[in-house]
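> Put chains B and C on the given structure of chain A with help from the hints.
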Amino acid sequence: MHAVRCVNVRRVYKQGDEDVVGLDGVSLEVEEGGFVCLRSPSGGGKTTLLNVMGGLDRPDSGEVWVAGERIDTLSKGQLAHMRLHQIGFVFQAYNLIPVLTARENVEFVMQVQGVPTAERRKRSLEILSEVGLDGLEDRRPAKMSGGQQQRVAVARAIVSNPAIVLADEPTANLDSNTASHLMELFVELNQHHGTTFVIATHDQMVMGYARRLIRMRDGKLVEDIEQEAA
Amino acid sequence: MGTAAIVLRLAWRNLWRNFRRTTIMLAAVVVGVWAMIFMIALMRGMVDDMLLDGIRSLPGHVQIHHPNFRDDPTVNNLLPSPDEDLIAALDRPDVVAWSSRVRVPAVVMSERSSRGVTLVGIDPAAEAAISFVADDMAEGRFLEGPEDPGLILGRRLVERLETEVGKRVVVMTQDPDNEIADRGFRIIGVYEAQVASTEEAYAFAGRDTLQAMLGIGDQVSEIAVLGLDYRAVERLYQRIDAAAGDRAEVLPWNELDRYLSGMLGMMDGFVLVWIVVIFLALSFGLVNTLVMAVFERVREIGLMMALGMKPGVILGQIVAESLMLLGIGLFFGNVLAWVSIQPLKGGIDISVVSDGMEMMGVGNVLTPSLRAGDMALATVVVLVLGFLASLSPAVRASRYHPVEAITKA
Amino acid sequence: MSITLRLAWRNIWRQPRRTWLTTGAMVFSNILLVFLISIQLGSYRMMIDNTLAPLTGHLQVQYEGYKDDQQIRQVVPAIRGFAADIRRGLGLTSVAARGAAFALVSSEDRTYGVQVIGVEPEFEPLVSTLPGLVKEGRYLDDAAAPEVVIGTVLAGNLKVQLGDELTLLGSGRDGSFAAAIVSIVGIFDSGMVALDRSFAEMPLEFFQDTFAMEGAGHNVVINAPDLFAVTTVQQQAQALLPEAQDLIVYHWDDLLPGLQQAIQADLASAWFMYGVLVILVAFSVLNTQLMSVLERTREFGIVMSLGLTPGRLGWLVILETTMLGLLGLGLGIFLGGLVTAWFAVNGFTYPGLDEMAVQFNLPDRIFPDLNAISLLVGPVIVFVASLVAAVYPAARLHWLQPVQAMRVA
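Protein chains in written order, with the working numbering: chain A, 1 to 230; chain B, 1 to 409; chain C, 1 to 409.
Just chain A, with the same shape it has in the complex (with noise of 0.2 Å):
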């Protein structure tokens, strides 16, 4: 089974008076534990593709499947319990509550997914220690630092073993240092629990973590290489 699957997406909005075709007859497939960079200069469809796979947007046409279930046809209720519980996001900012801890905003998550309390309060401990967090778990965002925030972010995105974890610009706001090792944490976590990446960037140093490379322009899939991780 694929992590997700789109076949012929067609995505077109209006940006003022006019209509910008955001995605022009997508198809693509992403496997279980892959690890995909999307690249694609800005306007060139790297976001709304990430939007239509994760269920934030729903396409014009063409089909969208997420963990063998397809999710394009979902009401709106039914894509919020795919997100839920299926599909994490990492933003580029802005990701957390800011009136809530680290480990209440991993903990969040779980209470509306309705899990016990004593578990999911393990449960957060044990992700945040994984991202590196120790310590830092009754700390607001606002005294925390931009990788900090953004590992917490990781954190609540893989603590319920989603089938696809997709990132839009992870590491936009981040300086080169922190900003690899939060790609190195990516990778630890596709490996260990083999949670399936999908990253959208244009950086350079990103790229060179993925193992599938996929080129966007116009909306269209121009380019999809393999190529070892770095």
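A hint or two may mislead.
As a list, the in silico EDC-like pairs of lysine to aspartate or glutamate whose alpha-carbon atoms are at most 16 Å apart [said to hold, decoys possible]:
no., chain 1, residue 1, chain 2, residue 2
1, A, 122, A, 138
2, A, 143, A, 119
3, B, 167, B, 139
4, C, 67, B, 355
5, C, 135, C, 189
6, C, 67, B, 162
7, C, 67, C, 253
8, C, 159, B, 72
9, B, 345, B, 49
10, A, 220, A, 24
11, C, 159, B, 71
12, A, 220, A, 29
13, C, 159, C, 109
14, C, 67, B, 159
15, B, 310, B, 296
16, A, 122, A, 134
17, C, 159, B, 177
18, C, 67, C, 246
One-sided excerpt, in silico: chain C residues whose CB lies under 8 Å from chain A [as the list claims (entries may be wrong)]:
no., residue
19, 3
20, 7
21, 71
22, 298
23, 302
24, 308
25, 400
26, 403
What the hints contain is simulated information worked out from the structure, not anything from laboratory work. Backbone N, C-alpha and C fix where the C-beta goes; we use that ideal spot for every residue, glycine too.
What follows is chains B and C alone, placed relative to chain A:
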């Protein structure tokens, strides 16, 4: 002068930056101002009616009577007919009308029943300008002169006595020698009053007729004087007091009927309190809105200061925003109040609680009274308090340091 | 503890000043509401009690039609036995028989028309406070003695003292001349001019002899143990009435319709004012919560991408508003209770109150009546209104699209 124009323009545009927030606050102000003025108009209408009715139903604005008359309102405490000095004092432009009367307790007996009343002997021509009776005749006719031998009773009394216009009744009262004086009268007319209990309390006859019946010559019980405005009786009262001399007691209406004057004072107090209370309820939201607006614009304020705008000007801008908001709200609130009162000008029928209203001395119809003075008062109070309320966020804004403000995240 | 609860609580405090100002609006209104409602409820009860206590009582059995026509021939036959039957039937001693007639009362110097009431001296004190208000002399004690008690104003007007004799002149039930000479054994001072000036009480048997009543009377007064029991007692008494005599048990509301209506009218105007306050607070909460939601648009977008539904987010907003509302509720009840309790002990007055007080039989200092209802009604309504105000901001989230939300600056 240029600064003022810029400040005003900035204030106006900033007001509308967050359209939704400003609109909600505006809606609140409009509702508050409407409620202020609407309620005040209703209450004023009620009190005005009460006062006018109370004043019309006999006391006049100023009354002259024997010093003991108030405690012992009988035939033993009479005034001589007014002398020249008094007549001269009463013949001035600030006296709209005056009338002398005889007033004694009496019993009216019909074939079936008898009742105690206050019998008032009047000169119909003079009296018509002062008291209510001539206007409220429902049946029959009014008295035609002070020697008219007829009797005028209130509707309720006629019902209680089980009699009617045209029938005869006997009126019994006491003369100065404590003998019973009685006389037959024909009922020539029936009146209806706004406050029904008045109808049972007062009966009217010709003054000269009554004087003859009692054998008191041309003495009278009281002289009622109507001035120009019931709210400004002081000067009139003083002048008449001087002219009447020691043998008479002169009193203005507000001392004769403490209930009515108490109402007036309470009404004025109520108006102010109501305005302030509503404003205070609004003020929390108002300050909140301003604080939020300032908070959102910290960097911009820092920028303006860096560009050379003085703190005082920043303060002025915030205050201007607040006053503009209130100004618009006041305008629409006043208009809405005026619009909502117009259809009610004919009076609201409150006869469902008519007996209760009677207890309070109010009639069956509540007519709102929208006064420019009240609207002005509301406007001024709201603007002044609004100015004060906006000072805190405005001062705070003016105290920002440009550098800190600009770099604030 | 639930993260959601923690989140809601902390969200409120993101902008502490804003939260305090909104809470301030709620607390201000709540304090006012608790205070005013306490005063209202206390005043109403006192008004009713004080108005009914001297003479009217809670219930009266009368001949049908007597209430409106007040004719001496509309009697309750064999009234003393009848009253005794009612006493037995209800198991209450606070039942007293009376007769009433109009008469001319003459002293040596003066004559006045008064309402004469024949009472049962041993039972009257149980239904009326008048016996207790005798300031000089004593109340009546002998059912047949030619004695009378009168009010101080009447005594003053008649120029009489304790021990003086008065002549009574009226007409009896059969239309014949009714006359009697009585001596004054007591003078009462109720503080109500109407009572003190126009009523005289004498023993029922003597009354019946004088006015040729043939054992009949006009009303049987029944007092229930408290105001709340009146309707029940009314039904019980109605069941005890003999058939075919056209007797009715009247509730005090039928006897004094003005009282209940005056209270209702006052309530209506008060509710209008309270309503305005509540609406203004609701506006405040609406504005605050709307701003709070709009500020977090991007954050909500991200949270939705985590899998939260708009419904859940809406629920969060409602939760936040509930906490805010509870803050206002709790503080409002506490401070409102405190302020009102202080006045409950020390009393409260405002200009114009003394004149009003006389008219409505109230003391001239008001003591608010703080109880569970007056403490909770206002604040609870404010709380509910705040929740209602939150519906719009919460509902708006229904249309929130995560992608657009996250694009918000």
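> So, for every hint listed, does it hold in this structure?
Quick rundown of the hints versus the structure:
no. : hint             : in the structure
1   : A/122 with A/138 : 14 Å, holds
2   : A/143 with A/119 : 26 Å, violated
3   : B/167 with B/139 : 13 Å, holds
4   : C/67 with B/355  : 15 Å, holds
5   : C/135 with C/189 : 6 Å, holds
6   : C/67 with B/162  : 15 Å, holds
7   : C/67 with C/253  : 12 Å, holds
8   : C/159 with B/72  : 9 Å, holds
9   : B/345 with B/49  : 13 Å, holds
10  : A/220 with A/24  : 5 Å, holds
11  : C/159 with B/71  : 11 Å, holds
12  : A/220 with A/29  : 14 Å, holds
13  : C/159 with C/109 : 7 Å, holds
14  : C/67 with B/159  : 13 Å, holds
15  : B/310 with B/296 : 20 Å, violated
16  : A/122 with A/134 : 13 Å, holds
17  : C/159 with B/177 : 15 Å, holds
18  : C/67 with C/246  : 13 Å, holds
19  : 3                : 5 Å, holds
20  : 7                : 6 Å, holds
21  : 71               : 78 Å, violated
22  : 298              : 6 Å, holds
23  : 302              : 6 Å, holds
24  : 308              : 6 Å, holds
25  : 400              : 11 Å, violated
26  : 403              : 5 Å, holds
The structure fails to meet hints 2, 15, 21 and 25 from the earlier list, while all remaining hints are met.
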